[in-house]
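So the protein sequences, as listed, match chains A, B and C. Sequential numbering of the first sequence, starting at 27, is according to the working numbering. Sequential numbering of the second sequence, starting at 72, is according to the working numbering. Sequential numbering of the third sequence, starting at 11, is according to the working numbering.
Be a bit skeptical, because a hint or two may be false.
As the list claims (entries may be wrong) - No farther apart than 20 Å at their CA atoms in a straight line, the calculated lysine to aspartate or glutamate pairs in the EDC-like style are these:
no., chain 1, residue 1, chain 2, residue 2
1, B, Lys126, A, Asp473
2, A, Lys469, B, Asp160
3, B, Lys235, A, Glu113
4, B, Lys126, B, Asp109
5, A, Lys490, B, Asp197
I should point out that these hints are in silico values taken from the structure, not numbers from a laboratory. The structure displayed is predicted, hence computed values, not measured ones.
Now for the letters of each chain:
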Amino acid sequence: MIRQLFRFKGGIHPPQHKDRSTRSPIQAAWLPKQLILPLHQHIGESGEPIVAVGDHVLKGQKIARASGYVSASVHASSSGTITAIEELPIPHPSGLSASCIVIDTDGEDRWIEHGPEDIPYTEMDVSHLRNLIRTSGIVGLGGAGFPSSIKLNPAGSKIDTLILNGVECEPYITCDDMLMRERPENIIAGAKIMRHALNARQCLIAIEDNKPEAYTAMIEACKDEDIEVVQVPTLYPQGSEKQLIKVLTGKECPSNGLPFQIGIVVHNVGTAAAVHNAINLGEPLISRIVTVTGDGVAEPCNLEVLLGTPMQALLDQCGGLNSDVDRIIMGGPMMGFAMHSTEIPVIKTTNCILAATESNVTAPSDVMPCIRCGACADVCPVDLLPQQLQWYARSKEFERAQEHNLFDCIECGCCAYVCPSNIPLVHYYRYAKTEIWAQEREKEKADIARQRHEFRQSRIEREKAEKAARLAKKKAAVKKPADGEKDDKQAAIQAALDRAKAKKEAQGVEPKNIENMTPAQQKQIDDANARRQQTDTSEQES
Amino acid sequence: MLTAVLALTAIAIIFGLLLGFAAVRFKVEGDPLVDQIDAILPQTQCGQCGYPGCKPYATAIANNEADINRCPPGGETTIIALADLLGKDPIPLDAEVGEEKPKMVAIIDEETCIGCTLCIQACPVDAILGAAKQMHTIIEVECTGCELCVEPCPVDCIDMVPIKEDIFHWKWPYPEQTDEEAKL
Amino acid sequence: MIKLNTPSSPHFHGPSTVTTVMLKVMLALLPGILIYAWMFGWGVIINIVLASITALATEALMLRMRQRPVMMYLFDGSALVTAMLLALALPPLAPWWLVVIGSAFAIIFAKHLYGGLGFNPFNPAMVGYVMLLISFPREMTSWLAPLSLGEQNLSLGQSLSFVFSGSLPAGLSLDALTMATPLDSLKTELGLNKAMQEITASPIFGMLGGTGWEWINIAFLAGGLWLIHKKIISWHVPIAMLGSLALISFLFFIIKPGAYASPLFHLFSGGAILGAFFIATDPVSGATTPKGRLYFGAGVGVLTYIIRSWGGYPDAVAFSVLLMNMAAPTIDYYTRPRVFGHGGGN
Chain A
27 MIRQLFRFKG GIHPPQHKDR STRSPIQAAW LPKQLILPLH QHIGESGEPI VAVGDHVLKG
87 QKIARASGYV SASVHASSSG TITAIEELPI PHPSGLSASC IVIDTDGEDR WIEHGPEDIP
147 YTEMDVSHLR NLIRTSGIVG LGGAGFPSSI KLNPAGSKID TLILNGVECE PYITCDDMLM
207 RERPENIIAG AKIMRHALNA RQCLIAIEDN KPEAYTAMIE ACKDEDIEVV QVPTLYPQGS
267 EKQLIKVLTG KECPSNGLPF QIGIVVHNVG TAAAVHNAIN LGEPLISRIV TVTGDGVAEP
327 CNLEVLLGTP MQALLDQCGG LNSDVDRIIM GGPMMGFAMH STEIPVIKTT NCILAATESN
387 VTAPSDVMPC IRCGACADVC PVDLLPQQLQ WYARSKEFER AQEHNLFDCI ECGCCAYVCP
447 SNIPLVHYYR YAKTEIWAQE REKEKADIAR QRHEFRQSRI EREKAEKAAR LAKKKAAVKK
507 PADGEKDDKQ AAIQAALDRA KAKKEAQGVE PKNIENMTPA QQKQIDDANA RRQQTDTSEQ
567 ES
Chain B
72 MLTAVLALTA IAIIFGLLLG FAAVRFKVEG DPLVDQIDAI LPQTQCGQCG YPGCKPYATA
132 IANNEADINR CPPGGETTII ALADLLGKDP IPLDAEVGEE KPKMVAIIDE ETCIGCTLCI
192 QACPVDAILG AAKQMHTIIE VECTGCELCV EPCPVDCIDM VPIKEDIFHW KWPYPEQTDE
252 EAKL
Chain C
11 MIKLNTPSSP HFHGPSTVTT VMLKVMLALL PGILIYAWMF GWGVIINIVL ASITALATEA
71 LMLRMRQRPV MMYLFDGSAL VTAMLLALAL PPLAPWWLVV IGSAFAIIFA KHLYGGLGFN
131 PFNPAMVGYV MLLISFPREM TSWLAPLSLG EQNLSLGQSL SFVFSGSLPA GLSLDALTMA
191 TPLDSLKTEL GLNKAMQEIT ASPIFGMLGG TGWEWINIAF LAGGLWLIHK KIISWHVPIA
251 MLGSLALISF LFFIIKPGAY ASPLFHLFSG GAILGAFFIA TDPVSGATTP KGRLYFGAGV
311 GVLTYIIRSW GGYPDAVAFS VLLMNMAAPT IDYYTRPRVF GHGGGN
């Protein structure tokens with residue numbers, strides 16, 4: 027049966043340069059003295075370390091756990107001692123550092139106790155299966171590094187098609203090619219697990235027609251399986267998820283949507299093999315296949331590399347770095363990032379290390395003004411107007427750039443590749459994108475600052491008002507008594523007098539020691555009483 | 072003659088009514104210009120512009136009392152955005168008010184802090200936590216880097232440090248200009 | 011430690027540069043030029059050489075005055091293409107100053123005063139041509155007769171002497187050399203209310219278009235098709251322009267064949283083919299979106315027919331192109347393609 031294939035608009039046919047790294051089989055990379063494992067090797071939140079400096083760890087032991095839904099755990103890729111948890115340069119276009127766990131290997135490469143679960147995956151709860159994949163630290167190995175367990179959770183969408191991406195359309199890169207040639211059964215085993223998790227109706231494996239050996243190997247391995255291997259005509263950037271979906275199914279994934287929405291999931295073939303390792307062998311993701319190629323190394327080949335191995339070690343194993351190397355690219359020449367040093371470690375998304383000499387890459391030539399030839403628009407796989415975007419990015423009219431769908435750009439580099447004026451178009455888009463993100467962050471921060479400032483202003487106002495109100499109340503309270511003050515005082519005095527009088531009277535009614543008085547004494551008292559009586563009456567009269 | 076006068080009067084009345092109706096029907100509420108300007112300002116509330124905050128500066132710009140180049144924290148981006156909004160030509164930042172600096176945050180040296188609360192009173196966005204005789208600390212994410220807290224501190228324990236660049240906040244640099252563009 | 015470069019991807023670049031694009035355009039013009047020269051003599055070559063030298067000199071001068079890297083831009087080929095297109099539009103054996111003024115005007119006013127390569131809103135060659143046509147109508151309309159119809163062939167030396175001093179060999183008058191172009195004579199004769207059959211019976215009308223002209227146009231057509239094949243130009247503009255010109259002339263032709271020329275005549279006598287493949291396809295001043303190019307080309311074709319049939323000039327490709335240049339930004343704005351994943355794709 028021949029499947030009907032579709033076409034996306036645009037695309038280019040750059041020279042392939044793939045044969046030089048496919049001459050020898052995949053070799054194991056040497057065990058390095060030191061492994062540098064960044065906590066951020068994927069899209070999403072960085073992992074959280076769960077080991078301390080000085081701890082001894084075994085191969086496959088989890089050393090950092092996922093710290094959110096979109097995150098991934100990290101495992102020790104060999105046995106040894108944790109010597110540092112610090113900021114070190116990681117593979118990133120900026121050349122900046124980020125948190126890494128450093129392991130000094132002990133040379134024993136001793137595994138932690140591991141193995142598959144007791145029950146086969148077909149009998150497992152699907153969410154448990156996903157969790158196993160999640161705790162194995164598996165992310166998309168094609169280059170983007172999105173945590174795979176999330177892409178195996180359709181969250182209610184009915185999945186029709188699982189596509190395994192073996193397109194590998196970038197020049198130079200051959201790691202998926204070699205994996206398909208040498209270990210097709212691992213890919214198939216992983217694909218079956220993924221298909222089970224997704225409950226997908228069909229499973230396709232897409233391979234470009236420049237990889238006939240891989241195609242034959244996969245066809246052979248799929249003989250007794252309900253999996254279709256599809257050969258697609260070579261065209262860059264066919265390996266891009268949404269473009270591949272269009273080619274295989276004719277469906278277009280919505281601009282800011284996910285393939286889930288149209289019932290499709292795409293995984294890289296390397297990811298499938300990693301899922302097989304995790305579920306059928308119980309091994310977490312601690313190594314991957316890396317293509318080391320370019321004229322900068324003497325013996326290009328594919329190596330199975332422990333994650334965290336410094337790139338320099340791989341270059342050494344491939345015959346050392348030539349002195350005429352111009353740049354070290356992680357990934358391919360179309361979308362890869364140039365590294366700032368060779369001590370940067372291999373991470374989960376490192377599919378290729380391209381030691382490029384000047385003849386391998388574009389010699390820096392003069393940038394001419396845009397002549398509006400439209401070659402960029404003709405090759406754009408997303409049907410953008412690259413030159414228009416470039417104008418807006420250059421003049422910092424970011425709003426207009428967004429109106430022209432800047433964020434639909436997949437940075438494939440086709441436009442810059444064909445540009446006769448040699449304008450670094452993709453660089454302009456990246457500049458504009460990061461600038462827009464920064465502006466959005468700043469806007470958010472400014473909004474919070476405004477809110478807090480306004481709140482503070484209103485609080486100060488309120489406090490002032492409250493203080494004024496309190497003062498006014500007090501004043502009012504002080505002022506009112508000013509009239510009744512005397513009355514109160516007089517009343518109080520009067521009350522005190524009355525009390526004293528009453529007391530006196532009570533005392534005066536029954537004087538003590540009046541018994542057994544002499545008549546003279548009695549006379550004195552009577553006289554005194556008479557006088558008092560007199561004064562009392564005179565007082566009252568006056 | 073009379074017909075002409077009548078006709079013109081009738082036209083005048085009709086248009087007058089129309090205009091009056093339009094004025095009522097399409098009345099613009101409030102003064103959105105101040106808010107639009109305020110939305111562009113970085114809300115640092117630093118007062119470097121000579122006004123007691125971003126909103127007063129926005130009001131001054133809206134009333135044509137202040138130039139658009141008096142906001143050092145906003146720098147070129149803000150000036151261009153303001154020029155765009157107001158239909159003016161972008162002008163360079165007024166050197167009098169300061170210069171555009173990298174984004175900073177305040178850090179309190181907690182060993183030295185005596186807990187006098189002066190900085191808390193100075194902070195325009197309530198980004199400093201603490202109480203009298205208690206050590207103070209700055210909520211970094213809320214700090215706008217306005218430097219208003221530095222001056223009042225009696226023991227000089229507040230430092231302004233540039234925000235550290237990391238891979239999550241890194242920006243691609245502007246591509247090197249070609250000869251042709253540099254002179255445009 | 012080796013110094014590593016860290017530019018943005020892509021690290022690959024295709025073989026295309028501005029210079030290769032311009033060279034291919036010139037290469038595609040070559041067959042047409044050769045046949046043109048074969049039909050009309052040395053004047054064609056002299057025009058091209060004169061225009062090219064002037065264009066390069068003016069370009070260098072302007073680059074210097076504008077303080078741009080002279081060497082980088084001088085040999086990008088864009089000035090040469092402008093010069094060649096202008097020279098092909100001028101009458102062979104035109105006086106030298108006509109060619110020099112036109113070429114210099116195109117480079118100075120239509121190109122550099124707008125900002126140089128990539129910034130000119132109008133096609134420089136056509137601006138130069140139109141300026142000459144308006145300023146020097148007499149010189150611009152005295153065309154040579156195709157050699158097959160003319161009575162005399164001028165040698166290279168005689169041609170040069172005529173171009174620079176206006177002197178002809180003894181016994182030869184200018185009238186013996188010149189002749190109206192087919193489009194010109196069609197216009198004049200139609201103005202005299204002659205019937206179409208009567209007009210086209212004249213020897214200057216060949217099988218398809220004008221005698222001689224049809225072969226030149228076929229050569230330009232071949233060059234243009236090669237450019238499309240090489241993906242230097244897209245098919246949109248030529249197809250739309252020639253298609254619309256053919257369609258509209260066909261409509262009028264079947265309605266009233268006595269008063270309107272046939273579509274074939276319109277396509278193969280004047281500058282329609284050259285215009286469609288080499289002038290209207292100028293990317294800098296034209297529309298760039300695929301749909302926009304169709305509208306742009308169709309506009310040029312329709313305008314050409316309108317001006318040819320009812321306007322004051324016999325051929326009108328230059329005016330039509332300039333008019334559509336003005337509309338190009340608007341056309342581009344309204345013909346933005348649907349972006350992948352933005353609805354309507356499934």
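Checked hints:
A hinted pair counts as satisfied when its Cα atoms are at most 20 Å apart, and Lys126 (chain B) with Asp473 (chain A) qualifies at roughly 12 Å. A hinted pair counts as satisfied when its Cα atoms are at most 20 Å apart, and Lys469 (chain A) with Asp160 (chain B) does not qualify at roughly 23 Å. Straight-line distance between C-alpha atoms of Lys235 (chain B) and Glu113 (chain A) comes to about 13 Å, which keeps the hinted pair within the 20 Å bound. A hinted pair counts as satisfied when its Cα atoms are at most 20 Å apart, and Lys126 (chain B) with Asp109 (chain B) qualifies at roughly 6 Å.
At most 20 Å may separate the alpha-carbon atoms for a hinted pair to count; Lys490 (chain A) and Asp197 (chain B) meet this at roughly 17 Å.
Checked against the numbered hints given earlier, the structure breaks only hint 2 and satisfies all the rest.
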